[in-house]
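Trainee: Now for the letters of each chain:
There are 2 protein chains.
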Amino acid sequence: MPSPEFFQVLPVSDALTLLDSHWQPQPGSETIATADALGRVLAADVHSPEQAPAFRKSAVDGYALRAADTYGASQSLPAFLSLRGELKMGEAPKDDIDAGEALLIHTGGMLPASADAVVMLEYTQSIHEAEIEVLRAAAPGENVIQAGEDVAEGALVLPRLHQLRPQDIGGLLAVGITEVKALSPPRVGILSCGDELAPPEADITPGMVRDINAYILSALAEKLGALPLRFGIASDRLDEYRQRAEAGFAACDILLLSAGSSVSARDYTRDVINGLGEPGVLQHGLATKPGKPTIIALCQGKPVIGLPGNPVSALLVAWQTLPHLIARYLGRKPQAPDTVRARLSQRVASVTGREDWVAVNLSQSEDGMTAAEPIFGKSNLIFTLVDADGLLRLPLNTGGYQAGSMVDVAMF
Amino acid sequence: MPSPEFFQVLPVSDALTLLDSHWQPQPGSETIATADALGRVLAADVHSPEQAPAFRKSAVDGYALRAADTYGASQSLPAFLSLRGELKMGEAPKDDIDAGEALLIHTGGMLPASADAVVMLEYTQSIHEAEIEVLRAAAPGENVIQAGEDVAEGALVLPRLHQLRPQDIGGLLAVGITEVKALSPPRVGILSCGDELAPPEADITPGMVRDINAYILSALAEKLGALPLRFGIASDRLDEYRQRAEAGFAACDILLLSAGSSVSARDYTRDVINGLGEPGVLQHGLATKPGKPTIIALCQGKPVIGLPGNPVSALLVAWQTLPHLIARYLGRKPQAPDTVRARLSQRVASVTGREDWVAVNLSQSEDGMTAAEPIFGKSNLIFTLVDADGLLRLPLNTGGYQAGSMVDVAMF
Numbered sequence: 005m006p007s008p009e010f011f012q013v014l015p016v017s018d019a020l021t022l023l024d025s026h027w028q029p030q031p032g033s034e035t036i037a038t039a040d041a042l043g044r045v046l047a048a049d050v051h052s053p054e055q056a057p058a059f060r061k062s063a064v065d066g067y068a069l070r071a072a073d074t075y076g077a078s079q080s081l082p083a084f085l086s087l088r089g090e091l092k093m094g095e096a097p098k099d100d101i102d103a104g105e106a107l108l109i110h111t112g113g114m115l116p117a118s119a120d121a122v123v124m125l126e127y128t129q130s131i132h133e134a135e136i137e138v139l140r141a142a143a144p145g146e147n148v149i150q151a152g153e154d155v156a157e158g159a160l161v162l163p164r165l166h167q168l169r170p171q172d173i174g175g176l177l178a179v180g181i182t183e184v185k186a187l188s189p190p191r192v193g194i195l196s197c198g199d200e201l202a203p204p205e206a207d208i209t210p211g212m213v214r215d216i217n218a219y220i221l222s223a224l225a226e227k228l229g230a231l232p233l234r235f236g237i238a239s240d241r242l243d244e245y246r247q248r249a250e251a252g253f254a255a256c257d258i259l260l261l262s263a264g265s266s267v268s269a270r271d272y273t274r275d276v277i278n279g280l281g282e283p284g285v286l287q288h289g290l291a292t293k294p295g296k297p298t299i300i301a302l303c304q305g306k307p308v309i310g311l312p313g314n315p316v317s318a319l320l321v322a323w324q325t326l327p328h329l330i331a332r333y334l335g336r337k338p339q340a341p342d343t344v345r346a347r348l349s350q351r352v353a354s355v356t357g358r359e360d361w362v363a364v365n366l367s368q369s370e371d372g373m374t375a376a377e378p379i380f381g382k383s384n385l386i387f388t389l390v391d392a393d394g395l396l397r398l399p400l401n402t403g404g405y406q407a408g409s410m411v412d413v414a415m416f
Numbered sequence: 005m006p007s008p009e010f011f012q013v014l015p016v017s018d019a020l021t022l023l024d025s026h027w028q029p030q031p032g033s034e035t036i037a038t039a040d041a042l043g044r045v046l047a048a049d050v051h052s053p054e055q056a057p058a059f060r061k062s063a064v065d066g067y068a069l070r071a072a073d074t075y076g077a078s079q080s081l082p083a084f085l086s087l088r089g090e091l092k093m094g095e096a097p098k099d100d101i102d103a104g105e106a107l108l109i110h111t112g113g114m115l116p117a118s119a120d121a122v123v124m125l126e127y128t129q130s131i132h133e134a135e136i137e138v139l140r141a142a143a144p145g146e147n148v149i150q151a152g153e154d155v156a157e158g159a160l161v162l163p164r165l166h167q168l169r170p171q172d173i174g175g176l177l178a179v180g181i182t183e184v185k186a187l188s189p190p191r192v193g194i195l196s197c198g199d200e201l202a203p204p205e206a207d208i209t210p211g212m213v214r215d216i217n218a219y220i221l222s223a224l225a226e227k228l229g230a231l232p233l234r235f236g237i238a239s240d241r242l243d244e245y246r247q248r249a250e251a252g253f254a255a256c257d258i259l260l261l262s263a264g265s266s267v268s269a270r271d272y273t274r275d276v277i278n279g280l281g282e283p284g285v286l287q288h289g290l291a292t293k294p295g296k297p298t299i300i301a302l303c304q305g306k307p308v309i310g311l312p313g314n315p316v317s318a319l320l321v322a323w324q325t326l327p328h329l330i331a332r333y334l335g336r337k338p339q340a341p342d343t344v345r346a347r348l349s350q351r352v353a354s355v356t357g358r359e360d361w362v363a364v365n366l367s368q369s370e371d372g373m374t375a376a377e378p379i380f381g382k383s384n385l386i387f388t389l390v391d392a393d394g395l396l397r398l399p400l401n402t403g404g405y406q407a408g409s410m411v412d413v414a415m416f
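Protein chains in written order, with the working numbering: chain A, 5 to 416; chain B, 5 to 416.
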């Protein structure tokens with residue numbers, strides 16, 4: 005039995021690059037209502053079926069008129085125009101205007117064909133019901149939004165792989181696109197393995213623990229916009245573990261196995277993964293702490309991650325890998341975690357040859373700076389992460405940070 | 005009819021402070037499954053009903069033993085111990101160990117009562133089935149996780165108003181808390197008003213436009229963790245507008261009215277809001293562009309925002325106010341938008357007395373810096389925002405920014 009020391013570890017980013025070199029994601033797509041598509045990723049370029057605005061409209065409350073009729077007009081020498089009535093919102097002008105005429109129009113109102121400008125109310129005076137004074141000249145096009153000025157018919161509205169924001173939903177609906185073809189979010193399957201595990205709602209007998217990894221990992225997948233699928237708990241029996249892994253694997257796009265994946269007699273994860281298909285295990289062992297005994301694999305075109313059974317290790321490895329996998333599945337770049345610049349309150353040491361992640365609390369110092377206080381303790385206690393505000397990365401091959409160092413803390 | 009110039013405008017932050025001084029949110033709460041509670045805000049402190057771990061367990065694969073039996077042991081002078089068998093995962097030890105005995109145990113296994121340390125496999129050798137050599141002394145407590153070391157029975161697990169992250173869900177489930185009392189997210193009601201508006205799926209006749217504000221605003225509310233409720237479109241008839249506003253107001257916690265709220269003849273929004281209850285309109289006019297004619301109100305303890313009908317103005321005002329309203333409703337601080345530091349490619353000017361928001365595109369410059377390119381054009385075209393990567397704020401009473409300035413662009 006090889007000792008864990010024999011792992012040829014790789015930095016997390018190198019292991020993901022290795023996976024990417026083998027992985028060509030083939031996401032599915034589905035047609036959904038635009039109104040329900042917030043955060044979804046477009047499966048195809050979207051072109052506008054019509055122009056917007058659909059007609060020339062006024063940008064202000066005022067009078068639609070022919071600009072030429074106002075040339076030379078001023079406060080002292082106004083232009084007099086006949087009032088052709090008022091255009092109600094939502095209606096097309098019943099008649100065109102003639103030379104010397106004006107139509108009262110509201111913001112967004114449709115211009116009559118011969119009007120080429122709108123003069124704001126502020127620059128006019130009403131003489132009587134049928135006549136107005138215009139106190140300043142209007143240029144052609146003034147206060148007019150041209151048809152198609154927002155978007156032209158046939159124009160590319162949004163490109164393939166764009167992730168929809170509130171304004172994008174507005175833009176699509178503005179040109180009548182009420183459905184879009186979106187990539188299906190990846191189904192992230194999660195299978196826990198271990199004779200000691202029981203569901204959280206079960207009565208626990210001595211020696212048993214609640215399987216929290218399935219819920220931590222599904223919450224993380226949900227947060228990242230994926231569709232988590234919990235496949236329950238397999239026993240430590242190889243045949244059962246293999247059977248449940250195969251069934252889950254068939255039903256998901258990315259499989260997370262949460263089991264003892266350290267090299268030990270009771271550990272079948274490596275064999276189970278290799279049984280799921282070619283090329284199988286690509287890397288066993290990451291240069292990160294916690295999380296060293298992780299397995300990175302690709303089976304029949306689907307990533308499979310063998311996570312340590314320890315919840316802290318499992319979460320920190322998933323937090324470093326799952327954003328990349330989900331983003332790459334959808335053809336996007338992973339979002340970097342929010343970071344906060346803070347002053348480290350105590351020295352933290354690290355070991356050469358690996359990245360260390362240290363949980364920290366943030367607080368305000370008396371001098372107004374943000375202070376980062378490392379939370380020391382056994383690394384496999386979940387409340388270390390519950391109590392933490394963020395994580396501090398100690399990069400590869402550094403000795404750590406001195407007290408007082410300015411560091412970037414990743415919020416998580 | 006007063007001209008819009010007569011508004012006594014307030015900066016957005018001052019208007020929100022004014023609202024806060026009148027507003028005491030009274031959020032409801034509901035009991036939900038912990039597994040489904042990602043992102044939800046706790047309605048009460050949560051204490052642990054039990055300790056975790058529930059029993060003393062091993063942190064490694066190795067032999068549970070009495071530390072005293074190993075004192076003085078070394079590579080050259082090992083301690084010999086009788087093997088008491090192997091503890092299977094998930095089971096409690098059947099018997100205790102006696103002096104001079106060891107029990108093979110796995111990571112997470114429950115220690116027998118008399119064992120006080122675990123020696124890792126690497127520091128042992130198997131002599132035969134019934135005896136092992138221990139090659140180094142163990143200290144009491146070595147490789148042992150004490151009962152209650154992660155969390156004590158009765159300890160505060162998470163405080164009221166904490167927003168649940170994946171690790172929090174894990175911590176709660178670890179101690180058997182399968183349900184939590186969470187604040188109900190605010191119901192953000194949205195009513196559009198205007199004779200020219202039609203639902204996005206309708207056939208549009210000349211003079212009509214699709215009501216996209218309802219969808220932009222509901223997507224924003226959804227993104228912020230609220231529960232959006234779209235109340236449809238009211239006509240410009242005062243009685244209908246008033247009736248639909250009252251019905252919607254009764255069914256939500258925060259009401260957004262998207263209608264022409266500029267001061268004009270057809271504008272009833274101010275009266276409609278004042279009809280919803282005391283104190284009514286607190287502020288009409290914000291020192292922001294776009295978005296000046298906004299109304300900020302509180303009626304019967306619920307915020308009501310009268311947004312400009314123009315989609316760009318409506319979104320930018322909601323983007324500046326809704327995060328504050330939703331966070332305050334839930335007793336939390338609003339999250340600041342992500343920002344990107346960038347070099348401005350062109351001069352942008354602003355007017356004294358207001359904040360200006362300018363849509364920008366971001367790109368990589370040849371020298372590796374991020375460049376921010378302002379998108380000029382009419383401010384009421386929604387595709388200006390669809391095409392934008394972010395927003396640049398020109399603060400109050402500055403002249404804008406020169407080309408080449410380093411600026412913070414808010415991603416949105």
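Keep in mind that the hints were calculated from the coordinates and are not lab data. Incorrect hints may appear among the rest.
Intra- or inter-copy, both count: the list cannot distinguish identical chains.
Straight-line alpha carbon distances no greater than 27 Å define the calculated DSS-like cross-link-like pairs of lysine-lysine that follow [what the hints assert, rightly or not]: (1) Lys296 - Lys227; (2) Lys92 - Lys296; (3) Lys293 - Lys185; (4) Lys337 - Lys293.
Trainee: For the identical chains here, do Lys337 and Lys293 meet the 27 Å Cα criterion within one copy, between copies, both, or neither?
Mentor: For Lys337 and Lys293, only the intra-copy Cα distance (25 Å) is at most 27 Å; the inter-copy one is 33 Å.
Trainee: With identical chains, the pair Lys92 and Lys296 could be close in the same copy or across copies; at 27 Å between alpha carbons, which is it: within, between, both, or neither?
Mentor: between (70 Å within a copy, 24 Å between copies)
Trainee: Are the CA atoms of Lys296 and Lys227 at most 27 Å apart within a copy, between copies, both, or neither?
Mentor: Within. Shortest intra-copy distance 24 Å satisfies the 27 Å Cα cut-off; inter-copy 35 Å does not.
Trainee: When Cα atoms must be at most 27 Å apart, do Lys293 and Lys185 count as within-copy, between-copy, both, or neither?
Mentor: neither (41 Å within a copy, 35 Å between copies)
Comparing the model with each numbered hint stated earlier shows that hint 3 is the single one that does not hold.
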